[in-house]
Every structure is written in structure tokens, then in C-alpha cells.
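> Listed here are the chains, written in short residue letters.
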Amino acid sequence: MNITLLILLPLLTAIVILLMQNATQVKWVSMMGATLQFVLAFVLLFSFYKERQLGNTSQMLFELKYNWFPSWNISFHFGVDGISVAMIMLTAFVVIAGVLVSWNVTKMTKEFYFLLILLSMGAYGFFISLDLFILFFFLEIAVIPKYLLIGIWGSGKKEYSANKLALMLMGGSALVLVGLLGVYFSASIHSFDLITLSLLHIPIQTQLICFPLLFVGFGVFTALFPFHTWVPDGHSSAPTAGSMFLAGISMKLGGYGCLRVATYIMPEGAKEYASIIILLSVIAILYGAFATMMQKDLKYINAYSSVSHCGFVILGIGMLTKTSIIGSVMQMVSHGLMTALFFAVIGMIYERTHTRQVSEMGGLLKRMPFISTVLFIVGLCSLGLPGLSGFIAEMTIFMGSWQHPDTFRRVATILACLSIVVTAVYILRAVTKISMGPLKDEFKNLTDATWNEKLAALILIAGILAIGVAPFWFNDLVSPGAEIIMQKISPITIGIK
Amino acid sequence: MIETLTLMKPELIITFIIFLLLFIKIGKGVKSETMLLLIQVLLLLNFITGFIFNSEGNLFDGMYQTTAMMALQKNILSLGIYLISLLFASWFKKSEHMLEFFILMLSALLGMFFLISSGNLLMFFLALELATIPVAAMANFDLDKKVSSEAAMKMILSSAFSSGILLFGISLIYGATGTISFTELPLYLDGSPLQILAFLFLFTAFAFKLSIVPFHLWTADVYEGSPIAVTSFLSVISKGAVTFIFISTLYKVFQPINEVWYNMIMILSIASMVIGNLFALRQQNIKRFIAFSSIAQVGFILVGISSNSAQGISSVVYFILIYIFSNLAAFGVASAISSQTGKENINDYKGLYQTNPFLSLVLVLALFSLAGIPPTAGFFGKLFLLTAGASKGSYLFITIAALNMIISLYYYLRIVRAVFMEKNEQPIEKIEIDLSAKFALTICAAGIVLIGLLSWTYDYIQSLS
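The listed protein sequences derive, respectively, from chains X and W.
Position 344 of the first sequence, counted from 1, bears residue number 344 in our numbering, the numbering being contiguous throughout.
Position 17 of the second sequence, counted from 1, bears residue number 1017 in our numbering, the numbering being contiguous throughout.
One or more of the hints may lead you astray.
Listing some non-contacts, in silico: residues in chain W with all C-beta distances to chain X over 12 Å [to be verified]: (1) 1034; (2) 1391; (3) 1418.
Listed below are several chain X residues computed to face chain W (Cβ distance under 10 Å; list not exhaustive) [said to hold, decoys possible]: (4) 137; (5) 140; (6) 147; (7) 170; (8) 181; (9) 184; (10) 185; (11) 189; (12) 438; (13) 439.
Don't read these hints as lab results, they were simulated from the structure.
Computed from a predicted model, the values in this text were never measured in an experiment.
All C-beta atoms in this analysis are idealised placements derived from N, C-alpha and C, irrespective of residue type, glycine included.
The following block holds chain W by itself, in its conformation from the complex (with noise of 0.2 Å):
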């Protein structure tokens, strides 16, 4: 019992604060200002203990698994969910259904937690599906505007698509190999047709999930429809959630047919960069944009994980905590202007730098770190990715992930450009930011830059991959 205390601790902890937030919901009268502090402080214990009383261990005969790899991975996402609940909190505050809208954000993070731990492909299954739906519904929280609603239908359609390909790989990997556990997988494993089919539709799940390229039309869509937060989730939280199981079952899972999925990730990753670059390059919208750039980064991170070793784990960690900081960062910009002001277009970020200052600062640090200039942790992030990628020695795919570095500054310097550089008769007025939003913006910003000067944080993961 008390085991499963302590291994199941930052899943229980959600649990804990689930329920604590629905009997606040049964019994009302509580300010939403009231409100949203309690749970901000929540979600920063709930940050910090992931620190503590960590162990390693089993459950339920290796259904749930936790490693001290896997308490970092789930911390790292915990650290996103608080960010997330302090950047956006003047849009949280205005909504009638804030507690809602963290109940099921919470689920969504109960999920991945599942998931990150998960020893057996049905847990697998379950979790990823309790890490999806409640997105959808997130998807719909802008209840007014009609985009919203049809960004939930397309995510809610797509995932349960691409759920049922999923459930149908693993009946047929139950079919070839006769067990679905992890640990027993990879003995059973020998390549044989049936098994590679099945891994092709496991992979294709996940790869709509990641939205790596051809499945990635679910992706621009949806984010432009979901308000910024649920878009930030979705393009950090789980891609981070769903990059890390993918990591996991890929390196524990299916060792035993490296070479197969070696070559797939190798077509796909220069797929997902190439086309998510060409297509980020048109974007007008910022969400629309970021969506296409995120694809282009997954790209990146499939460049990593196509290494196939422990620099390769800790490489793509580093880089999901970087991009955490870098990604939440521009949205949480886009976000306090789009609140004040409703616009969402780059062009009208034009000359945004003689208005506001800070935003336009913080912005441009994270749009660097997305595009992997020195001195922001992205360079590190992405170098790290590309030299675990190019320790399998082929220079061609390198060659190309470094020229897509290229095309994708191309369009990072668009926004540079047209906050610092271009004339604008009507610029942004002065944009009033809420304390807690700016707190959390400095917080990425130091994320940004001293992640990657302080090199004990790639050490330490290192160190537990």
C-alpha cells in the first residue's frame, strides 16, 4: 500500500487535485481571482514535489512503471501546466467555466502521467485516450466563436481515428507476439511481416498524435480554432507527453526492429521539416504559424530520436524542456495581445517594439530559441539534437535538418522583422499585462537563456537517461 503511495505519488497528487477542484465547484461563492491563485499555488506544490520522495519501481505486474527518467518527464510537464496557469490567467479570469477548464486539463495531465508510466499497451491505450479527450473538449472553450467548436469536432474526429488504427496495431501485435507487455514484447519480437505491419499502424498513431507529416492536417486547423491556451497545450504539453512514450517504446520496446523504424523516422522527420517549413513560411495567422513551425519541430526531435541512443534520449528531453519554455513564451505573448486587442495577424505586430518593450523582447528571445540561435538554450537544444542524429553518420539527413534550420529562420526573422523594423501607421497601443503573466514570461525568458549556459541541467538528464 504504501508503495504504491510513493511510486504512484504525482499521479495521485492530480487525483488529489481533481477532486479538491470539484467539490470547490459543488459548494460556489469563491472569486475567480480567489480561485485561480489556489489553484496557480496547486499546480506550483504540485511542481515542486515532483522533486521529492521519488522511487523506482512496479506495479500491478509492470502495468505502471516509474523510473527517475520518468518522474523528470512528468515534472517537466507539470512545470508547463503551471506556466500555462499563470500566462494565460487573464483569459482563465474572464471565463465562466475556469474551474472546468482545469478540471480537465488536469485529466489531460492525470493521462500523460498514465501514459509516460505505462508498462503495457492497454494502459498505454487508456491513457492516451484519457490525455486526448478532455483536449477536445478544452478545444471548444471559446464557446461564442464558431472556429472554436469546429477545431474540438476536427480533434475529436481525428483522434478517435487515429485511435482505432492505434487499437487495431496492437491487436495485431497481440495476434503476432501473444503478449502485450512491454517487458515481454521485445523478446517475442523478430521482424517478421505481420509484426512490421503491426508497428506501422502503432507508428502511424502515434505519428497523428506528434502530427509528424502526411498526418499533420488535423494540426493548423486546430490550433488556430482553440483559444491560445488549449493551443498551447496541445502544441507543448502532449506533443512533450506523447514524445516521450514515443521515445520510451520506440528505444525499449522495438530494439529488436531498429532498422525498420530507423529508416521511417529518417523519410518522415525530413518530410514533417521540409513541409512544415514551406508551409509556416505563408502563415498570416500567429497560431496558424506556430502550428506549421511545431511541425517542423517535431521534425527536429524525430532527427534526435533517430540516434537510437541514451545522448539521443536526453537530447530530445532537453530539447521538449526548452521548447516548453520557448514556445510557451511566444504564445504567452500572442496571447496577452490577441486578449487586449483580438489581433492575431503578423502584420499587425508591426512596430511593436516602440509600444511594448517587454513583449516584443520576449518575444523575439523566444522566436531565437525556436529557431536555434546562440545564446538561447534552442541552439543548444537543436545542436544537441542534430550531433545525437549524426552520431549514426549520415551526413545527408544532417546536411538537410541544418539547411531546414535555414528556411525556418527565414520566417522566425519575418516577426523579428516586423517588430522591430517595419513602419506601422496604427501600431499595438500600450498592452496593460497581468502580473502573473508577466512573472511567468520573465520565468521563460530566464528559462530561454540560461538553460543552455548552465549546462548541469543536459547533465542531469544525462545522467538519468
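Next up, chain X with everything else stripped away, as it sits in the complex (with noise of 0.2 Å):
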């Protein structure tokens, strides 16, 4: 299949949203932009599954170039391989129930859906490019819509809180660049081939410059420490299709670029560099876990708990063994399911309430049977409970970082792990006074969810059960593509220290 279908899809969709005259139909078309974009990533997962069967081992598949600044020797160069399916399932998981969520959004609902969509095209770029510079111009592209997604429709201290995200992430994508520049100078081909770049040998002086340059700026996305301060602002901040979209898609691009860009061409700063991430993502890990004990508002509870959880993709990258990768993007996908779950449970729970206060809560369960059974879910999930996506992922990155024999990485394993307990109480006790106990009188009219929220909500449970009943479909398709990015490592960690 024709992958370019993935960015023009929105495109077409966004262009046809500014052409609607009313908000019903605006909602309509945006609806059938999302499902369409969620069967395209069907057929691709399927067709994609299809190449395999037939033998089709390339690296890359459904690749497609153009040319375009053929004097800076940058193209339109488009591929998948397993991870990026991954990563193209969960955007189209997460931009489907985000579209029907914020069904009730009646201020300027027309740029509302726009900026979505936008945002989603961003997305689908950013994750099927192999040239690094439209690699860049999708993952800028994805943070104005964010921005304004925050600072039109949020609350609280909005303006604060988009300011923040927008400088923070475009000081990430400044980094980004810098190291990219150094990567296409110093190549022997001056190239922002991501395929042709791999394949060269960038020199050891470079890499060290510009691993922690390309780390450190697609980190900024993925909330490493100390460069988390914009995800409990701006998630909280956020309207409950914003936080979706940004904890759901955009935090994992800082993810993919981790691993697929920083890492990928430049193993040698990866290994050099590796004790420093695993040290960082263990405290983001740990850091993330108390901070949320500590927080009483649901949206900052689940935006802490995300820096705690994407620490786990970090500290999985950095450990550098294929299993351990494979459980970072597992993760990755896994962690994007169900913190946009939660936020749309407590979206779904405010707009009732209208309070994100947990002590104000109370008995729920009574009123709205099917929206706290979601809570319930969706914190069992976060805190890892087998038959649930957390916890393949998190004990795939377990295993995979105590495959190294040395303390200081088993130190490291053992903290992380040690999270999980303090996971469970934040999220025990959280869900526990939201949904039992004894009904206020003001909730006694509540009404439980309706039609779109439902649907919205059990598309991504389909998608977090998938995952944790059977993982090895999962596993089958990630594991050859991080078998590739282990090729390159591989030669360099024997005899790691």
C-alpha cells in the first residue's frame, strides 16, 4: 500500500473540516477522517503482516522516495518497519477515541477538530519517515496545534502552561536540530537519510557531541529528567482531547526518536552515554512514582504517573539489549493506550463532577457504573496487573535490563521495579475513594456515560487487552525491527562495562 495515504488522509480531512459550515458537520467529518485513518492503519498492519508471510525480510517496507531539495540531498523518503506499525496503530487508536471524546466541545469547534487532525498528521509523519529532516518538520509541526489546543480550549493557568510546552518542546526540537546538522556534516555523504546514515560510520568525536544533543532533545518530548516540568502543566492545563493526544502520541515521539534516530546512527554515543540515561530515567522513574503520591488533582495524578512510566521507555532504550527495546516500545505503545484512557475517564468524570479533586469524589461507582469500571481498569493497568498491556511491557523491560550481568544496572532494575509498589498505592487509593465508599448528595443525578464516550473508551480497553492477552503478536512484530537496531549495537556492547 501507498503509505503517503497515512499523511494525506488528514491533510484532506483537515482541509475539508475548514469547509464545513456548522459544527454537526464538522464533528461528522472529522469522525469519518478518524475512523478512515483507523482502518488505513488496520489495512497497513495487515498488509504489512502480509509482506512478511511472502518473504519480504527488507528492512523497510512499502518504502517510497521523492526528491525534494535535491541540493541539500533531502527527500521525501517514506518506509515502515514493525515498530513504526506499532507506533501508527497507537496514534490511530488515540486519535479516534480523542474524536469522539470531545463530541461536546462547543467553543470554536471547527478549529478545535482542525488542530486535531493537524496534530495527527503530524504524528503519522513524524513515524513513517526515514529522512531525518521530515522526520523534523513533522515533529514541529505536531507542537503548534498543541499550543493552541491548550491555550483556546484549556483551563486553569492555560496560558502559562502552553507557553510552557511550546518553548520547552521547540528548545527539544532545537537540540534535535543542531545534532542533526552535526550528523549530516560529518557523514561521509552529506545526508539526512536515515537508511544511508546507518549504514556509515559517523565518527566516534561526533557521535559524543551530538548522541546527547539528539537524546536530550526528542527527550524533552518523552518527559526525561529534568526536562519533565512541561507534562504535569500542560497535561493538567489541557482539554481531555489534548491530554490524550499529547501523553498518547506526542510524548512517544520523543520515544521513537530516541531509539529510532539518537541510538540507531549512533550506537557508539549510546553505549558511552548509556549509564547517564539509565541513571536519568531511574530517577524519573522513582521521582515520577512520589511526586504523584503526593498530588490530589486526577489530571496531575495521571501526568506524574506518565513522567514515572516514560522513564520505563527511557530506561529500557538505555539498557541496550533487544529485549529490553522491545519492551521500551511495548511501552511506549502500551503507556499511550492507557494514559489516554485515563485522561478520558477523568474528563468523563469531570464533566459530571466538575471537580478534578479526588477527596471530593466519593461512591461514584453507583451513579456511573461503566465510567468508573474503565477507572478501575485503566489503574490496573497502570499499575501492571497481569492480562493488562503495563504489565507485558513493564516485565519485558525488566527482563531485558537484567540480562546485564554488572550492580550498577541491576541496582537500577531493582528500583525501577520497587515503583511499581508505590504505582499501586497512588492509584488503589485514588480509584478506591472515587468509586466507593458513600455517594455525596450533590452526585445523586449523575449520569453515566454516553454513546461516544462508551465507544470511545472500549476501543482503547480493545487495545490495552490486545496487548496483555497476547503479547507474541506484538512481540512478533516489533522484535525483527529491533533486532536491527541491535545488529548495529550489538558488536559494541560485548564486553560493555
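Put the two chains together into one complex; each comes in its own frame, and the hints tell you how they fit.
This is the structure in C-alpha cells:
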């Protein structure tokens, strides 16, 4: 199949949205667009499987290349491997759920959906790009819609949060840019092409400078400690769909970039800085978990726990084993689905109770059985209950990490494991307080989820269960991609200190 | 004779238009709307003819030279002038002295054309004066406003000062090398102290015209005091023309001493970006704001110039082309608002999107392009400048430049925030935009979106440099 459809479809949807007259039309057009994206993602998944079964073992499938700015050696080079397909599936799930839960947006509906769809276009473009310039282009395209989504439709200190988010993410991408330029000029062929660059040897001096630039730059997107500060503010101020997109898709751009760009083309750099990466990720995991314990606002709880969960992604990449990298990709997808669902539920609760303070709620299970059940599921997924995606992902990362015999990595793994206990504390405490206990008087007349909310939740839960119950299909999808990355790394990791 | 005609075609056309307008001025009785329409058509024709019958060659013993690249640069300026004539139509119509204004503006343009084509320091000096003095008169065109004459005064004094420095530099160069011809100069340049001193003076004069820090102090006051049409002319057309000649003198004439000017440019570029950005953070007046942000933009252009390669020339020309569209769009919106309501403060723009969606969208698009955010053309412009600059391999320089993009993003987003997010008790009411201004804003918006995405524009420029 032609994977440019993944960019063209959102673009077309966005243009049609602009031409629509009223809010109802806008909603249905975006719904149709999101559904088509969803279908397209599945078509991609199955045709990917089919190609692989037919014995096509090339690294990237469905490759396309159009020249663009030939004088700089920039081209539209697209292609997917298992990792990208997994991320595209995640994006499609979150987009359709995001469109569904924002059904009640009344303020500037057209602009709202336009930005949502534009954001999804940036994400798809990022995941299928094999040219680093194009990848960077899509990375930046995805920033401004977030800024506007938070600033216009957000709540609380929205202007501050929007500014903080835009500046920090743009700062991250500035570092990425410098790193990319360094790679571009020091490679023996001046090229932005990922495949070309991966075949060349980047001089070690360049790797030592450019790897941290690229890793930290992408790391800002995925809440690498100490650049995570935009996460709590950004997520808590954003509208529901905005939070879902931010945590579900946008933070994954960073993780994917760290893995696919920084680690893949500069393995020596990754090896050199591995212990720092591990240290920072363990700090993020523990700090995020303990900070969540102190939070009283539901959105802050999920935002800080996202910092902690995204720490696992970085940890998996930093450990540089095949298993941990697979786990890291799994964690990205799992956390994307889970956190999107969590924010969706928070949005549903807030819309009814008009509060996000855990202490002000109670007994909601009696009036809102569906929403409370979903809240339980997502909470259990977050604390890593077997059968749900969170368990599989974290388990895989721990298994990958434990393969290293040295004390430092063992201690890091144990510390990261400990955070699960903390997660259980805050999740169970919050979920129990919200759904159990006596029902307050002012919540007597609350209604349960509407059709669109139910549909959104069910789609995301289906994703979580699919990974949780049958992780092998996911493993089969991702592992060839991880294998190729490992081939670059493993000749170096032998004799790791 | 025929050769003179074809080679000097752009200059001759401009001269012809100037004389035509002078004759029309003598015989009176033409309504200002018709007059403006005529001028717009003439400028459009001027722009179109820029693409045909172009040839390369020298005239008057190499005093005047022209290449395909120069023709393109002149065309870019012609396009800018055409857009200005459309954008500020409502202001022109109100003015009693519209014809004089255009005569002055075209004279300045003529000067810039000669400037780009000059092959000799003497020619260069004359052209630069011709390009500067009419602008000072234009700055004074809001006759009833005191700030306007103040701006004109500041402009003329500072440019006289810089002309003095330039002349001194030219005399020193002549003393040190014995020639003022651009083609002969590189043969005699060997980096002796006297030559470097002379170059320093010449460089200072350029820095004055381009308002590079620390020679930028005249910029903000002049930009704020002048009518918006003049401010946009100064910040886009003048700056573009001087940049073009600056880059070609550095690359061609002063190539033997490129280590000297590389370091100078690097330091001044960082200073311009940092100081321009930091001052822009605090500005309330939109014109002053754009003045400081344009100082930072010049810092960015210097990053591209520092590369000393063909990529450097093409990325700078490409950036100027984009800059014309983005900056003129921003000024066009500011002018539409200030000519109807008199409001020029950023705080007045709060809630603009509710009342004027078209203006807001164009403004935001222009600001995104100036800030360098995809998919606008400014993203590609800035990125190529950075890429060209990075070819020299100075990571620190490029990192500082990239981080400055973030500072600039902060203040560009301030306007975006005001327009889209903040509430206002008395938002600017619905503004009736002139048809021609609307047309020009649409062209600018289309340019901002398309120049980047259609890569052949860059390849075309690249093929010429």
C-alpha cells in the first residue's frame, strides 16, 4: 500500500473541516476522517504481516522516495518497519478515541477539530519518515497545534502551560536540529537519510557531541528528567482530547526519536552515555511515582505517573538489549493507550462532577457504573496487573535489563521495580476514593457515559487487552525492527563495562 | 547601444516609470484611486518584465555588471514594491502626496538596483546614497505627526554618519590597494593591517544599513515613527537590497580575507540575535516590536552569510524572498488595524480572532513564518540558513542560533496568545479591508505556505548562485 495516504488522509480531512459550515458537519467529517485513519492503520498492519509472510525481509517495507530540495540531499523518504507500524496503530487508536470524547466541544468547534487532525498528521508523518529532515519537519508541525489546543480550550493557568510546553518542546527540537546538522556534515556523504546514515560510520567525536544533543532533544518530548516540567502543567491544563493526544501520541514522538534516530545512527554514543541515561530514567521513574503520591488533582496524578511510566521507555532504550528495546516500544504503545484512556475517563468524570479533586469525590460507582469500571481497568493497567498491557511492557523491560550482569544495572532495575509498589499505592487510593464509599448528595443525579464516550473507552480497552492477553503478536511485529537496531549496537556492547 | 538597453533594462524601466509619474504630476486632475491603480499595474508590469529578456554582462568598464542572480534579486525587490503598493492602498489614497511618495520610493528602488549591479566602489557609494536619501524623505510622510519628522531626522543623520564612514573606508581601500574596481580588488588584498582597517570601516557602514548590533540604535525609533508603509519598505526592501550587495562583496571582493570577516560576522551575528531578541521581548508597540525582531532576523541572515559558499548565497536570497512575504503580511495586518482604529499596541490585539478572523489568520501565519515554524516557508528559510552556517562546523555558534529561535518564538507567541486566547472587554471591531490589501495579504499568505513546500523555488535560486 502507499503509506503517504497516512499523511494525505488527515490533510484532506483537515481541509474539508475548514470548508464545513456548522459544528455538526465538522464533527461528522472528523469522525469519518478518524475512522478512515483507523481502518487505514489496520490495512497497513495486515498488509505488513502479509508482506512479511511472503518472505519480504527488507528492513523497511512500502518504501517511497520523492526528491525534495535535491541540493541539500533532502527527499521524501517514507517506509515502515514493525516499530513504526506499532506506533501508527497507537496513533490511530488515540485519534479516534480523542475525536469521540470531544463530541461536546462547543467553543470554536471547527478550529478544535482542525488542530486535532493536524496533530495526528504530524504524528503519522513523523512515524513513517525515513529522512531526518522530514522527520524533524513533522516533529515541529505537531508542536503548534498542542500550543493552541491548550491555550484556547484549556483550563486553569492555560496560557502559562501552553507557553511552557511550546517553548520547552521547541527547545528540545532546537537541540535535535543542531544534532542532526552535526551528523549531516560529519558523515562521509552529506545526507539526512536514515538508512544511508545507518550504513555509514559517524566519527566517534561527532557521536560524543551529537548523541546527547539528539537524545536530550527528543528526551524533552518524552519527559526525560530534568526536562519533564512541561508535562504536569501541559497535561493538566489541556482539554481532554488535548491531554490524550499529548500523553498518548506526542510524548511517544520523543521515545521513538530517541530509539530510531539517536540510538540507531549513533550506537557508540549510546553506549558511552548509557549509564547516564539509565540514571536519569531511574530518577524519573522514582521521582514521578513519589510525586504522584502527593497529588490531589486527578489530572496531575496521571501527568506525574506519565513521567514515571515514560521513564521506563527511556530505561529500556538505555539498557541496550533486544528484549529491553522491545519492552520499551511496548511500553510506549501500552502507556499511550492507557494514559489516553485515563485522561478520557478523567474528562468524563470532570464533565459530570465539575471537580478533579480526588477528596471531593466518592461513591461514583453507584451512579456511573461504566465510567467507574473503566477507571478500575485503567488503574489496574497502570499498576501492572497481568493480563493488561502495562504488565507485559514493564515485565519485558525488566527482563531485558536483568540480562546485564553488572551491579549498576541490577540496582537500577531493582529500583525501577520498586516504583510499581508506589504506583499501586496511589492508583488504588485514588480509584477507591472515587468509586467506593458513600455517594455525596450533589452527585445523586449524575448520568453514566454516553454512546460516544463508551465507544471511545471500549476502543482503547480493546487495544490494552489485545497487548495484555496476546503479547506474542506484538512481539513478532516489533522484534525484527529491534533486531536491526541491535545489530548496530551488539558488536559494541560486547564487553560492556 | 542595444547592449546598454538590454543589460540595464530593470533600471531603465524604473526610470521610465519615475518620469511618467512626474509628467502625470505636472498635468493634474487624475483621481487618486485611478492613479493608484495605474501605479499598481505599472509595478506589476515591472515585476513581470523582470523575468524576460535577461542577459548577463558588463557595462562602462565593469562599473555596472549584471548576472542572472542579480536579475533575480532585483525581481524580488520589485515584487516587494508591488506588494507594498497593494497593501497600503488605503493609506496611499488618504495621502495628498501619493505621487511624490511613489516617485521617492521608486528612486530608492532605482538606487538599490544600481547597488546590486555595482562593480566599483564609487558606483556602489552613489547607488547607496540614492537608495537612502529618498527613504528619509519618505519617513517624514505623516506630515501632521511629530514622531514622523523625528524619525526622518534620525534616519538622515545616521545615514549621513554611516556614509561618512563608508567614504573613509573607500578612501583607505584606494590608498591601500590603488583600485576601487570590484574585479581588481581581490588581486591586491593580502590582509595587511591598513587593508583590514579599511575593510572595518566598510563593514561598519554595512552594519549601519543592516542595523546589526551594535549599530542598531537608530532602527527602533525610525521604525516606530515612520508611516507603516515606510517602515515595511525599510525593514524589507532596503534590508534585502543591502544584504544582497553585502553578501556579494564579501564573497567576491573580500574573499582573500575571509578569515577576518568570518569571525566578525560570527560575533556580530550572535550579538544581533541575542540583543534583538531580548529587546523585542519587552516591546508593546507592534512596529517597535517588529523593528527589534528584524534585528534578530538580520542576525540569522548573518549565520547564512558566514558559510562562505554557494549554499550561503542561495539560502540568504531564499530567506529574503520568504522574509518579504512574511514581514509584509505582518505589516499589512498592522497597517489595516492602525489605519482604521489607530491602535498599534499588542494588548489591543487581544481577542482579534473573534472579530477579524481573516486578518488574525494572516497575521499568525506571518508570525509563524518569522519564527520559523513548519509548514510555513520561514521554517525552511531559517533551517537552510542554519545548515549553510553549520557547514563551517562551529557547533557553539549554531547552538546559540538555534536557541535564539526559541527566545524569538516566545515573543511571537505572545501575539498569537493575544489574538487567540486572551479576553478583551473592547476588542477591535470588524475592519473593512481594502480589496487590493486583501488581495496582497492573500498573495503573502500563499507565498508563506507555498515557497517552502514547493522546493523548486530553492532549486531555482541554487541554480543561479
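> Among all the numbered hints in the text so far, which are the ones the structure does not match?
When the structure is compared with the hints, numbers 2, 3, 11, 12 and 13 turn out to be violated.
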